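Peer 1: Go by the hints and put chain D onto chain G.
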Amino acid sequence: MKLSNSELVTGCVKNSRMHQKALYDKFSTTMYSILFRMFNDREHANDVLQDAFITIFQTIADLNDPERLAGWIRTIVVRTAIRKMRERSKITFTDASEINDETLPDFNFTAIQLDEAIRSLPKGNRLVFMLIEIEGYKHKEVAEILNISEGTSKSQLNYAKKLLRKSLNEYTSEYATKK
Amino acid sequence: MNTLQNMPQKNKNIDWNKRLYLHQPDEDVWRKIEEKLDFESKLSNCLCELPVHYPDLATWEKISSNLHSKKTINFKYLYVAASIAVVIITSTIMVQQFRKDKYIATITQKHSISENDLEEAAIAEIQTYCSTQMPACEESRFKELMQLYEELKAEEAQLNRAIQQFGDSPEMIQSIVKIENLKSATLQDMIILIQS
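Chains as they are written, first to last, in numbering that gives the first Met the number 0: chain G, 0 to 178; chain D, 0 to 195.
Bound-form chain G, shown alone (with noise of 0.2 Å):
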């Protein structure tokens, strides 16, 4: 049985077990590909989902809006993510200026070595790159979410963009010469 969101809401308001649950098979799969991504650790990411997941039960009651669900767990799992990343070491964003902005002349990478990509990225790029161009956030709500700059954020997408570029070429290449 599909339960709409205004009833999974309501049935977690009421800790009903099948509700959280049904919940948490709705949004689970979703959250996790996020949180692998942020962390590029399976470990990591099962646990931050594990703490993100109690805390939309524990406070569920204060959505006003259950169309809004989607969105507000998205929130609740991405500032979980970045509290627990900043628990375990300092999140740093390293300088652009070493990269060469050198031409590439295919781009035929498949999604499957983006994601890789993506995961190996620095740790401060990869969440700036990530809360923008996957989740959609804007620069000002990166910069209050990661206290910092406008700027920093600008800039930290645009090193990300140059540092993919440059591993997906090597993928390429590699596959290239493979081939």
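These are computed hints drawn from the structure, not numbers from a lab. Quick caveat: nothing in here was measured; it's all calculated off a predicted structure. Heads up, some of the hints might be wrong.
Taking lysine-lysine pairs in the DSS-like style, the calculated list, with each CA pair at most 25 Å apart, reads [as the list claims (entries may be wrong)]:
| hint | chain 1 | residue 1 | chain 2 | residue 2 |
| --- | --- | --- | --- | --- |
| 1 | G | K20 | D | K61 |
| 2 | G | K137 | G | K89 |
| 3 | G | K20 | G | K1 |
| 4 | G | K161 | G | K139 |
| 5 | G | K83 | D | K61 |
| 6 | D | K35 | G | K153 |
| 7 | D | K41 | G | K160 |
| 8 | D | K61 | G | K25 |
Peer 2: The following block gives chain D in isolation, referenced to the frame of chain G:
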């Protein structure tokens, strides 16, 4: 100079631009722009197709058990609340029982007082009646009953003193009850004789 000042601003710029040498960008620039646009386009397409990653099956079990333990804390609070409620209810019942016992004791005491009062009132009435030299009071049967009543009263007083000194026993209580019954029967017989 005057001519330049009087010229419209737009015409002045056109004039200067016409005089300047035009520089050509490198041939690479457009290629780089094109590459970046291609990359951005490919990137946005691939971002929509990023693979889905699945959490461990154990993650839900952990969340569920964590929520369960939270529930246990609630049960603990419920248990404490229930214990407090039980203590309150028990003490209320005990207080009520104590009051009830006290009330019964009071009633019993009042009842015994009233019995004694009735007995004394009956004796007082019989004595008042006999003081008018009624013939029934002169009868030997009446005199025997009155003597029996006095003996029973004396015996009862003696038993009560013994109970006060040495404490009661089932036998002593039974004796008291017997004497009380005999006293009541004796008084009733005396009243019947007077009324006859």
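Peer 1: So, for every hint listed, does it hold in this structure?
Peer 2: So, going through the hints one by one against the coordinates:
1. K20(G) - K61(D): 12 Å, holds
2. K137(G) - K89(G): 22 Å, holds
3. K20(G) - K1(G): 12 Å, holds
4. K161(G) - K139(G): 21 Å, holds
5. K83(G) - K61(D): Given that 25 Å is the threshold and the Cα spacing comes to 18 Å, the pair holds.
6. K35(D) - K153(G): Measuring from Cα to Cα gives roughly 16 Å; hence the hint holds.
7. K41(D) - K160(G): Since the Cα atoms of K41(D) and K160(G) sit roughly 12 Å apart, the hinted pair holds (cutoff 25 Å).
8. K61(D) - K25(G): 17 Å, holds
Violated hints are absent here; each numbered hint is respected by the structure.
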